[in-house]
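Chains as they are written, first to last, in this note's numbering: chain G, 1 to 351; chain P, 1 to 308.
Keep in mind the hints are simulated off the structure, nothing from the lab. A virtual CB, placed ideally from N, CA and C, is assigned to each residue, including glycine.
To give an idea of the chain G side of the interface with chain P (calculated C-beta under 7 Å), a few residues:
1. Gly58
2. Ala142
3. Asp195
A short list of chain G residues far from chain P (calculated; beta carbon distances all over 10 Å):
4. Met1
5. Thr2
6. Glu3
7. Pro13
8. Phe47
9. Phe61
10. Tyr93
11. Gly152
12. Ser172
13. Lys175
14. Asp185
15. Ala190
16. Gly232
17. Arg263
18. Asp328
19. Ser351
Stretches of chain P that chain G covers, calculated by requiring three or more beta carbons in the stretch to come under 8 Å of a beta carbon on chain G:
20. 7-16
21. 40-46
22. 166-177
23. 196-210
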Amino acid sequence: MTEVAVIGFAQSPCLPSAGTTSGVETLVPVFQEVLAATGLAKQDIDFWCSGSSDYLAGRAFSFVNAVDAIGAYPPVAESHVEMDAAWALYEAYVKLLTGEARTALVYGFGKSSAGQLRRVLALQLDPYLHAPLWPDSVSIAALQARAGLDAGRYTERDMARVAARSRTAALSNPKAQVSGSDTADDLLAAPYVADPLRAHDCAPVGDGAAAVVLAAGDEARRLRARPAWITGFAHNVDSPALGVRDLTTVPSATAAAAAAGLRGGDLDAVELHAPFSHQELLLAAALGLGDRASVNPSGGVLCGNPMFSAGLSRIGLAAKLVMSGRADRVAGHATSGPALQQNLVCVMEGS
Amino acid sequence: MEIGFDYTRSLGPVLSRFMTALAERRILGCRGSDGRVHAPPLEYDPVTYAPLTELVEVGPAGTVVTWTWLDRPLDGQPLDRPFGWALIRLDGADTAMLHAVDAGSKDRMRTGMRVRVRWAPEPVGHIRDIACFEPLTDSPPTLPGPTAEPVTMVTTPIHLRYRHTTSTEESRYLRGLAEGKVIGQRCPSCGKVYVPPRGACPTCGVPTVDDVELPDRGTVTTFCVVNVPFPGQRIPPPYVVAYVLLDGADIPFQHLILGCRPDEVRMGMRVAAVWRPREQWGTTPQNIDHFQPSGEPDAPFNSYAQHL
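So here's chain G without its partners, still in its complex pose (with noise of 0.2 Å):
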């Protein structure tokens, strides 16, 4: 079996409102800084793999344009997800398990800035009963919140702590948008903006753009002294009916997590993609993380989440505590969809 690692990442500063919805002048640098760090040059890369969306750029064949940012001739391979990248990743992931690449470089960027986002994400929804109501995106999360405090999953206070927490771990991440020394006390004081949602209980909305550089058995042996092997990878999906949800519960997170062989009590470290306080406490449920693990350590998406790139950014994030020698058993995680329908698990660990 081929074995496959992360052997570098690179993000864009998460910013309220950056560069333009074709995503070239934002992802220029990424790749350069991402290319660097590994040593490799655009021509090393065998295979390349995005995640975006025309809807959130308003244009058809958005991701023809980002191309560019590569450089792309001679001819490149290259595929694409209209999803977030983290689901790119393991396009990717794939491609080098098959053994028809050795490398790939998997970039996801999007300018949420550019429209309404929470208008633009009720058109993920089906097309026939809950789409046309324009059911915005923090209304739905809003309606899960409140199932969870109902059901007495956790109480406001536990997520003004998730955010509380977040915004301090963000104090030291330069690429954050949102951070602060704000306590659970002071962020309770805030009006609601969709009860029981409070702003800080919402990711921002935000602009940006991120990649990650795989490399499979010997060669990223070669490239790195440190790789960040995957030993699991899975994702799952629940129904798109939301009523027919219990949506307190996230079975295709669990599931996932199964598929990946998480082990939730032994890992050092793991990023949650939860754009809403309430889905980390549903996460990490789902998920079975014990005390050991440090969550979010970069503060997490509550302190930037561009869309189509932060899910690929918590795999990214994992990866660098492992490269960097600071963890040896991490997981990243990424959702998508209406209140955590979908959901993918990577584990990786150092050698």
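Keeping the supplied structure of chain G fixed, place chain P upon it in accordance with the hints.
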């Protein structure tokens, strides 16, 4: 910029019966493999994934399972005043429906509250026939309507607004046009000149930085004759859209060729820009209205063969 499209979708057997019932002011759910009734109905069982066919009438009243409150409704939502979103378990159903509750005030919303359908004045067989839900009171419910013709299609208008930002390079290009100049940029690595400038050389992947002013004349590399009318068309067909390679550029750009018959346009034809009157110029590509034949002899094929 606003983008809009009316999505028209055909319905399968389950949703067709559901939408037809809505047109009659009735709500149908479906029975799943485990005996649970799902409303709105599912086309496939969430446990076994088998097609579902047994439809049963539910509602029109139900119980709020979870809710939130929206002070500032967004475009397209069911109500244009503050309202509650809720998952509502209709009487006779086991799973919930997402919809709006016109409660007037957040204080009236609570988990477990009883609500009832408020129908749109003229149901047509669409989920929006349910205008919203309202707190259950003693006022009489709306009675079902007469039998409707089967509904097999639904149309949903989708409108989104975007604010597009220009890149630094695009900004330079547009400001140049406002002064009657065509500004391209040269790749510092391979020396190719791009117009409009693109932010990164698509060959080398490095930012282009050196401005190059180009003449407003060039060569048709390839073209098509537009014969098909479409909404928003500004010129009556037939007319020609061509790739024009400006002299000194390494990439052609798309423009209209007017001022001659469509059948006179050919590869290699030399053309020149026709600018709008100066007082109409802005930071927009529309300053060049179109290109027209310049009268010069055709360019030899080899002069543009690399740019096809």
